[in-house]
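A.B. asks: The lines below spell out each chain.
Number of protein chains: 2
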Amino acid sequence: MPISPKLSFLPPEEYGAGMSVHEVRFDSIRATAIPFKSSYFVVQPGCQSPVDTHSVHEIWMLAQGEGELIYDGESSPLLPLDFIYLEPPKKHEVRNTGAEPLIIFSIWWK
Amino acid sequence: MPISPKLSFLPPEEYGAGMSVHEVRFDSIRATAIPFKSSYFVVQPGCQSPVDTHSVHEIWMLAQGEGELIYDGESSPLLPLDFIYLEPPKKHEVRNTGAEPLIIFSIWWK
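Chains as they are written, first to last, in the numbering used here: chain G, 1 to 110; chain R, 1 to 110.
None of these hints come from the bench; they were simulated from the model.
Hints may be right or wrong, so weigh each one.
Because identical chains cannot be distinguished in the list, a pair is counted as satisfied if it fits within a single copy or across any two copies.
Subject to a maximum C-alpha distance of 27 angstroms in a straight line, what follows is the list of computed DSSO-like cross-link-like pairs (lysine-lysine) [stated by the list, open to error]:
| no. | residue 1 | residue 2 |
| --- | --- | --- |
| 1 | Lys-37 | Lys-6 |
| 2 | Lys-90 | Lys-6 |
| 3 | Lys-110 | Lys-91 |
| 4 | Lys-110 | Lys-6 |
| 5 | Lys-6 | Lys-91 |
Here the structure is a predicted model, which is why all the values come from computation and not from measurement.
Taking the hints into account, I'd like the entire structure generated from these sequences.
C.D. replies: Right, here's the structure in full:
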């Protein structure tokens, strides 16, 4: 029986009522060391992510919804298919400015 | 003036009328060596990607739409928020089985 290529997720982490983070499990991949980690997170309409700052590099890929990115003190709109590089340790947060859940895929690495 | 965190893309590569691939440009990121490459690709309704096989590892992240994955000869449905690991050199292709464009984010690494 073939191994499913579909990856699973760790139990979601909730940040208040408005945001959940779902980190990808890579332990089913035995063939290689994965040089990054990955998750997707969901921000509900009218809600925002907590301000984040960290030493790892990160890229956000906007899958669904509309948002406002606050990055290093500057605001810019976010739309589907936007790819965003978050340089460490710059502060970043995102607000859902639309009517549907905002869904962002994330990759981070040292 | 702050540098925008928004990444840009190489000119899209078209595969017939039904698929386009948009590779992310990382040359604006000077702080680090990126240990992967990334793109998003779009498959139009009723269309499919060409069969692909390669020596790099790849992960697909389904952002929008519905599809059918053919991986190593096995078929499985694809829905938004599915993360798929494509082990080299297994053959893979995806068909758009829905009514809207199928959008998949991809990461690949050696």
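A.B. asks: Please work out whether the CA atoms of Lys-90 and Lys-6 approach to 27 angstroms or closer within one copy, between two copies, in both situations, or in neither?
C.D. replies: Between copies, since 14 angstroms is at most 27 angstroms while 33 angstroms is not.
A.B. asks: How do Lys-110 and Lys-91 come out at 27 angstroms by Cα distance, when the copy is not named: within, between, both, or neither?
C.D. replies: within (17 angstroms within a copy, 31 angstroms between copies)
A.B. asks: Evaluate Lys-110 and Lys-6 at a C-alpha cut-off of 27 angstroms and name the case that applies: within, between, both or neither.
C.D. replies: both (25 angstroms within a copy, 20 angstroms between copies)
A.B. asks: Could you figure out if Lys-6 and Lys-91 sit no more than 27 angstroms apart (CA to CA) within one copy, between two copies, both or neither?
C.D. replies: between (32 angstroms within a copy, 15 angstroms between copies)
A.B. asks: Checking an output row: Lys-37 and Lys-6, CA cutoff 27 angstroms. Within, between, both or neither?
C.D. replies: Both: 16 angstroms inside a chain and 20 angstroms across chains, each within 27 angstroms.
The earlier numbered hints are all upheld by this structure, with none contradicted.
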